[in-house]
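Undergrad: Sequence:
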Amino acid sequence: MLVIIGLAVFWYGLVPVAGAFVNRRNWRLFRRRFDDLRLKPFLDYAAYRRGEEGLYRFIGGFESVTDGHTLWIRNKDLTIPISLAGAHTYVLPMPEKDEPSGTFDPGKEAPARINWDRVTALTEGARVFVGGSLLSRDNRLAFVSERDNPLLVIFYDGPDRSLTARAIRAGRDGNEYWNFITPYALILGAFSQIVTALNFLNRPAFRFTVLTALFSVFIPLLPLIPPGFALTVLYKRLWWQARVFRAYRDLVRLPLKYLPSNQEQCRLPNGELYKGVYCETLSGEVKAAVENRTLPLIIPEKAAGKHHGWYIYGAVPENSGEEGQAAIPGKPRDVFATWGIIPGNPVKLARDFTRRAYILEIISWIALLAGISLNTFFIGMIIVLLN
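Residue numbers (my numbering): 13 to 399.
Fair warning: there could be bad hints in the mix.
[Stated by the list, open to error] In silico DSSO-like links for lysine-lysine, alpha-carbon gap of 27 Å or less:
no., residue 1, residue 2
1, Lys248, Lys299
2, Lys52, Lys269
3, Lys269, Lys299
4, Lys360, Lys318
5, Lys314, Lys299
6, Lys343, Lys52
7, Lys314, Lys343
8, Lys299, Lys318
9, Lys299, Lys343
10, Lys343, Lys360
11, Lys343, Lys88
[Claimed, not checked] Just the calculated beta-carbon pair ranges, DEER-fashion:
no., residue 1, residue 2, range
12, Pro216, Pro195, 31 to 37 Å
13, Leu51, Gly317, 42 to 48 Å
14, Gly25, Phe390, 16 to 22 Å
15, Gly25, Ser148, 46 to 52 Å
16, Asp169, Lys299, 31 to 37 Å
17, Ser76, Lys360, 44 to 50 Å
18, Arg44, Gly18, 50 to 56 Å
19, Val245, Asp48, 37 to 43 Å
20, Asp172, Ala382, 44 to 50 Å
21, Asp172, Pro239, 45 to 51 Å
22, Leu213, Gly25, 24 to 30 Å
23, Asp48, Phe390, 30 to 36 Å
Just so you know, these hints were derived from the structure itself, not from any lab. The model shown is predicted, which means the values in this text are computed figures rather than measured ones. Note that CB positions come from ideal geometry on N, CA and C, so glycine has one too.
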C-alpha cells in the first residue's frame, strides 16, 4: 500500500511540481533578461556605421529569412541580420481589442517559445524586437547569440510603446502544473500503477491493493469530477488572481529599474532625463489626463487599495524644478522607458503584491488538495464496499 501511495505522490505530485518550478524560473529569466535589455542603447545608423560592437536593442519589421537561420529586420534607417542559431525566440500574444496596450491583467496566454526553423511561417511585416550582442561576422555587423549571452527575439503586434508592459505581465505560465514534463509523468505514473496491480492480480488476499492501484491510475482526473470539482474551480480562480498580483508586482517595479536605491533621476540610454515625481494629491489637469488615459495608469487604482500619494514616471525637461515646482514627467522618446502613474509607493506595492500572491497560492493549493481528498474519500468508500 505504501508503494502505491509513494508512486502516486512521486509521479502525480513531485515530478510535475518540480517541472512547475523549472518553468517558473525560466519565465523569471525571460522577464529579467528583457528588463535588462531595456537599459541597453538602441542600435542606430551612427553606431552601425562606426562598426561599434556591443550589447544593443533594436526593433523593426520582419523582412525575410535567408540561409535558413538568418532573420532580416528593418526600420526606416537600417536593415539588420539576426542569426537565429541559439537565440531565444518568442511570439507575444495579440493585445486585447479594447486597448492598444492590452489590459492590466497578464492574459491567459504566455508568449509562445518557437524554434528558429518556424520563423519563416510568420507574417511578413510583423514587428520584431531583438536584444543582445552585435558582433562582426563576415565583414558585417549582425546580432549573434553567445554561450552566456543568447539573443532575445520577440515577434509582436501592436504599438512599440506597449511592448514592455505586455512582455513583462504576460511572461509567465498560465497553468504551471501542466508543463513540459507533466504528460510523461502522468503516463509513467499510470504505467507503474498498472504494473503494481498486475503483480497482485492473482493473489486474492491483495484484492484491496489491486483495486487501490487501479484507482490510482485515475488520480489525475479527481480534480475534474464532483463534488471536489467545485473546489477545483475555486483553486483556478485564486491561482489566476495570484498570477495577476505577480504581474502587478512586476509592473510597478518597471520604473525602479531606472531609478534604483531611491535615486530621484537618471539618464536614459538616449540621453533623456528620466524622473519620478511624487504628488500627494492630483491636480485637476493631471486627474483629467488620467481619466482620459492620456496619462496611463501603470496598474489599476483599485488594485492598490488605500494609498497615500501618487508617483508619476517619465521624461522631464532639462533643469526642471529649478523654479521650485517639479515638472510633471511626460512621454519619453524611448518607447521602452516606463511612462505613467502609480497609485502609491511602488516599493511598498511590490512587497504587498508579492505577499498577497503567496497567500492566494497557498490557499488555492489547500482548496485543490481538499477537493482531491473529498473525492478520494468517496471513491475509497466505494472500494471498501466492493472489497
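Undergrad: Against this structure, judge whether each hint is valid.
TA: Hint check results:
1. Note on Lys248 and Lys299: the hinted pairing is violated, with a Cα-Cα distance of about 36 Å set against a maximum of 27 Å.
2. With a CA separation close to 12 Å, the supplied pair Lys52 and Lys269 stays within the 27 Å bound.
3. At roughly 26 Å between alpha-carbon atoms, Lys269 and Lys299 fall within 27 Å of each other, so this suggested pair holds.
4. Distance check on the hinted pair: Lys360 and Lys318 sit about 12 Å apart at the alpha-carbon level, within 27 Å; holds.
5. In summary, the hint linking Lys314 to Lys299 is supported, as the alpha carbons are separated by about 15 Å, within the 27 Å threshold.
6. For the proposed pair Lys343 and Lys52, the alpha carbon gap of about 19 Å is at most 27 Å, so the pair holds.
7. With a CA separation close to 24 Å, the supplied pair Lys314 and Lys343 stays within the 27 Å bound.
8. The straight-line distance between the Cα atoms of Lys299 and Lys318 is roughly 17 Å, inside the 27 Å bound, and the hint therefore holds.
9. The straight-line distance between the Cα atoms of Lys299 and Lys343 is roughly 16 Å, inside the 27 Å bound, and the hint therefore holds.
10. Distance restraint check for Lys343 and Lys360: the Cα-Cα separation of roughly 25 Å lies within the 27 Å cut-off, and the hinted pair is therefore satisfied.
11. Between the alpha carbons of Lys343 and Lys88 the distance comes to roughly 22 Å, so the proposed pair stays at or under 27 Å and holds.
12. Under the hint 31 to 37 Å, the C-beta atoms of Pro216 and Pro195, about 35 Å apart, fit the expected range.
13. Distance hint check for Leu51 and Gly317: the Cβ-Cβ separation is about 31 Å, which falls outside the suggested range of 42 to 48 Å.
14. Take Gly25 and Phe390: their Cβ atoms lie about 20 Å apart, and the range 16 to 22 Å holds.
15. Range check, Gly25 to Ser148: Cβ separation about 51 Å, and the 46 to 52 Å hint holds.
16. Distance hint check: the CB atoms of Asp169 and Lys299 are about 32 Å apart, consistent with the given range 31 to 37 Å.
17. Restraint check, Ser76 to Lys360: a C-beta distance of roughly 48 Å satisfies the suggested window 44 to 50 Å.
18. For Arg44 and Gly18, the Cβ-Cβ distance of about 37 Å falls outside the hinted range of 50 to 56 Å, so the restraint is violated.
19. For Val245 paired with Asp48, a C-beta distance near 38 Å keeps the hint of 37 to 43 Å intact.
20. Judged by the Cβ atoms, the range 44 to 50 Å given for Asp172 and Ala382 holds: they are separated by roughly 46 Å.
21. For Asp172 and Pro239, the hinted distance range of 45 to 51 Å is satisfied, since their beta carbons lie about 50 Å from each other.
22. The beta-carbon spacing between Leu213 and Gly25, approximately 26 Å, falls within the hinted interval of 24 to 30 Å.
23. Checked against the hint of 30 to 36 Å, the C-beta distance between Asp48 and Phe390 comes to roughly 51 Å, which is inconsistent with it.
Hint compliance for this structure: hints 1, 13, 18 and 23 are not met, and every other hint is.
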